[in-house]
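Undergrad: The residues making up each chain are set out below.
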Amino acid sequence: MTDPLLPSAAIHVAIDRQLLDACAALQLLIAFAMLAQRRIVSLVNLLAAQGAVLAAATLLLAWRTGQGHLYVSGVLTLALKVAFLPWLLHRLIDRLEVRFDAEPALNVSGNLLAGLLVVVFAFGLAQPITHLASTAMRNAIGIALGVVLLAFLMMITRRKAISQVIGFLSMENGLFFGAMSATYGMPMVVELGVALDVLVAMLVLGVFFFQIREQFDSLDLHHLESLGERR
Amino acid sequence: MKTAALAAQLLEIAVALAAAPLFLGWLNQCRAWLSNRRAPSLLLPFRQLRKLFHKDAVLARNASPLFRAAPYVVFGTMVVAAGIIPSLSARLPLVAAADAVALVGLFATARVFLSLAAMDVGTAFGTLGARREMMVGFLAEPALLMVIFVASLISATTALPAISEHLATRTLTIDPALAFTAVAFTLVLLAENARIPVDNPATHLELTMIHEAMLLEYSARHLALMEWASQLRLFNYACIGFALFIPWGIATREIGPAGLALAVPILALKLAAAGAGLALIETVSAKLRILRAPEFLATAFLFAVLGMLVRGLLGAPPSP
Amino acid sequence: MISSVSSPLAACLALLAAWLAVGVAGLVRPRDVRYAGRALFLVGALIGAALAVIAARALLAGTTESLVLPVGLPDLPFHTRLDALSSAFLVLLGAASAGVSIFSAGYFRGGETLASGAGTAPGLLGLQYHVFLASMGLVLLADDAYAFMVAWELMALSSYFLVVTQHRIPEIRGAGFLYLLMAHVGAISILLAFGILQGGSWQFTFDAMRTAHLSPAWAAAAFLLALVGFGAKAGLVPFHVWLPEAHPAAPSPASALLSGVMLKTAVYGLLRVAFDLLKDPVWWWGLVPLAAGLLTALYGAVFAAVQTDMKRLLAYSSIENVGLIFAGIGLAIIFLGTGSPALAALALGATLYHCLNHAVMKSLLFLSTGSVLHATGERNLGRLGGLIHRMPSVAVLSLVGALALAGLPPLNGFVSEWLLLQSFLFGGRIPRPFVDLLIPMGAAVVALAAALAGYVMVKFYGVIFLGQPREPSLAHAHDCGILERVGLGLLALACVLLGLAPVQVIAALSPVTRLLAGSALAQHGATWWLLAPVPMRTVSYGPLAVLLVGGIVIALTVLMVRLFYHGRVRRARAWDCGFGALTPRMQDTAEGFGQPIRNIFQSFFRIERELPTPTDRQPRYRIEIADRLWRGLYEPLGRAVEWLADAVAIVQRGRLSTYLLYSFVTLTLLLALVLAA
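Chains as they are written, first to last, in the numbering used here: chain A, 1 to 231; chain B, 1 to 320; chain C, 1 to 677.
Just so you know, the hints here were simulated from the structure itself, not pulled from any lab data.
Treat the hints with caution; some may be incorrect.
[As the list claims (entries may be wrong)] So, partial list: chain B residues that the calculated Cβ filter (under 8 Å) puts toward chain A: (1) 291; (2) 295; (3) 298; (4) 309; (5) 312; (6) 313; (7) 314.
As the structure is a prediction and not an experimental result, all values here were calculated from the model.
Even glycine gets a Cβ: it sits at the ideal position worked out from N, Cα and C.
Could you build all of it, start to finish, from the sequences and the hints given here?
TA: Right, here's the structure in full:
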């Protein structure tokens, strides 16, 4: 045989599986990046990126398995989560004039460490499920669960209201990804309903934020604690 | 030991010694081009070494024998490391003596001696540099070990040549685990070799130095050996990166002259690409505050651990 | 003469009795320093060396012997037994104590114990020292619970007296009290474990415990109690609080024995209980020592990096190494419980090797701090510096120890860490859901602790020996005497040999792993200079080759530089960046060197800081770093005990009529019981 080695020329048919796994890994990376990010503008961009990866994975899965409704789902994701919602959030941020977030509860390293433990927990939980599922992307169920838990963690450790909303949206992305990898997506009517709910929630929350800012002159959620009972 | 193997081993070491200053010269040229400056000559590091060897060594009055011996020890460990890393061939005799973990240990030995030498003369900046170097080192070493672990989990061995062979002979795949660890490795490379964004190799302000502060007291041949050793370290790290992530082109079967003759230009090509890439990273980044350096390395560590977790969960990339 | 003895166990017991005799001989002339030094300690060193030789031969021959001594209770005499595990640890005891005893022969010739009469007489010190050694030997040879506990208690008491040698100083008395308290808390736990292990037969010999059948719950309880008891003795977090107080308080040879050898007897105890008395450990038991060990390793390393007292630094470093050892034991239990005896043998081999390495490395460093203390009278790192010029032989020998403890190839510290990391890498194969993900992450913690050890050693060596002297009185420091040099040199030689000959050491440790895990440590490469004990993998390590090639390269470099260029040297002042007035005080202090660790690992410490304000006439900066566990765990516990004691004290009224009432009530109760039965 030849010496030295040259790369094997056989790029085989399973490249789409590899791309799907790569999408999953990228999702996890984006979730961690959101956990460590301090600037809200970058958070929104990361959310858009997460939506883009999700759309790409959906379209790829649609192409591989030939299921028509996944095409629709992918285009919907692209329109909603990559284009519309980030634009809405950017407009909100501009009008509310928030740029940075306050320091999270733990410092950045503590946050990342907590995120790591959460991910290990999610992976451990997902291992038996992985054996039971029969889809092409069953390996990614653990990652989806990890993304959801990381988004939850992000919501807990933030103080500004905007970043909590972004965490909520990120969680929804993770759930969608999990559903796709476990069962090739939810029924179409459920997906449309969820999309509508998210849209309405965004609009309501936008109004809510203006009210909070008028009341407390800041979007720092610690001010909401003053509404609690005096002990 | 066969004479062919011994000759190949010596060739690899000789190539390392020659290529290390050349690599640094190429890196500086790329940086100059990217900053729209006129580039210095490619052979400038060689000329600097030669100039330094000719000079008289000036030592502080209270420098101990450790101070005089440290440059030789650091240089020696870097040369031994160059002999172990499979830059040209994966079947050399010295590779059985040390695996990747021992390689990290050798780098640690060099770092410890460098720091001890910096503390020897007892000036403020020397000890400050020693403290900072050890801080960067103690965070970078676990990250590097994690990168090697992920590679060893994939190839079931921690011997670097075996890892290279395994990764080169398997079919081409997109492996997210290796992608994450490649990012982690790049970050560690930047930190350990005192490149921007962790340290500025061209600074003259002592308060901002990490690596340069330890060389403040050295002159002449000692400084030449230290400089050569740090150039060798950069070369070694680049070759480790190639062995882990771009392993094609390393001679594996016999150590024949044909194989080696083909391996050298392939290595040169890889080094050129790596130098350009590093120069690009350095040009677009700003130097971090020393306070932020641990966060930088924690990011590297996180990438490596993520790579390991993704590998553990996703398993091997699918093959037909 | 010794080689003709056919029973190694009898020979070992005779040597232990000889130690006791040497100790008693010290009472003949307690105040005579030269007698104590030349006669007693040197004879003790010879006995230690003989013990090491006999135990090594027994280990290599694979002998197992039992003997019943005519000492002890009427129906429970002392059972003793020499098997592979005991032999390995006896080698450790003998070798380390030989080096320390030779050093002590030169060390106790003067110095802090006698200068002001404040402290124990040297003859009495010799008694305590040799009783300590003999009791540790008996712990290693004991084959029934009674002998074990008697020897354990003797070890604790004799070491207590060694710790409070300078008992006029109140801090040292406090440290001794804490030490004794924790030792007894641990002893109670061990006693309870033995109580469970006898499993209903009420025979307390180890043979009976080996054949007892325990239900899984009771076996787990016994294991956990043994872990708590032996962990408290070894310094596992959170039972470690006595270690940083007691080890620095003792004189340096005693500190060396405490850190180097006594902690390993606790490891021996756990190995004996977990692998020998409790056959077939369950896999999940191993998670507890693994987690506790990793936490301890990180804790010890982080605290060591911020210390300003050189002996406290070494004490915390001992805690770190004990953590690594316990992590290895936990890993071995997990491997054994999930059906991989070969991997368990690898993890156990790494653990035993690390025990051996740490004994010699830590003893070497503690002894060198003794020399430094002798020469300068200072323990505070902020008042040392530049001693490499005044004490060259101590500096060179402790450089070997510092490099070894930092885990650098080709010395011995690296070999055991290499083996431990290799066994961690196999954690991904364990067929249990979370464990296979978490164990490779444990490898990351091991790597972090090892890297921190390097940091700590650079701080230790650099601040003490390198740089400029921080106090003018350091100019009067003198190098150590010939006996101390021999002691240090022997230990340094052991470090080098253990590092360069790992194949032989692994071959010697193989009978032990066969005894404990049922699998020998095989060599998968079969050369005398290449270590390749890892099954299923093609990885090897040849320290001799690395050293040889490195040495050749360095020699060639020196030669060629001299040949092609020149070797001229000129001396001048140190570079001062144009500032001109550099003083030794401008060097980095010990606190400064620990500052990055303090920043990064803030959550481990409880820091109290006093910062100067801009308007201070005499600005002061004060920082106090304390252990969180002390305030969070031990002080509330202490308060609870005091509250309980106060509550019980109600019983003691002080009035005679009340006590007569107690007797009356007890009598009536007993009569009622007799009537009812």
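Undergrad: Looking back at the numbered hints, which does the structure fail to meet, lowest number first?
TA: 1
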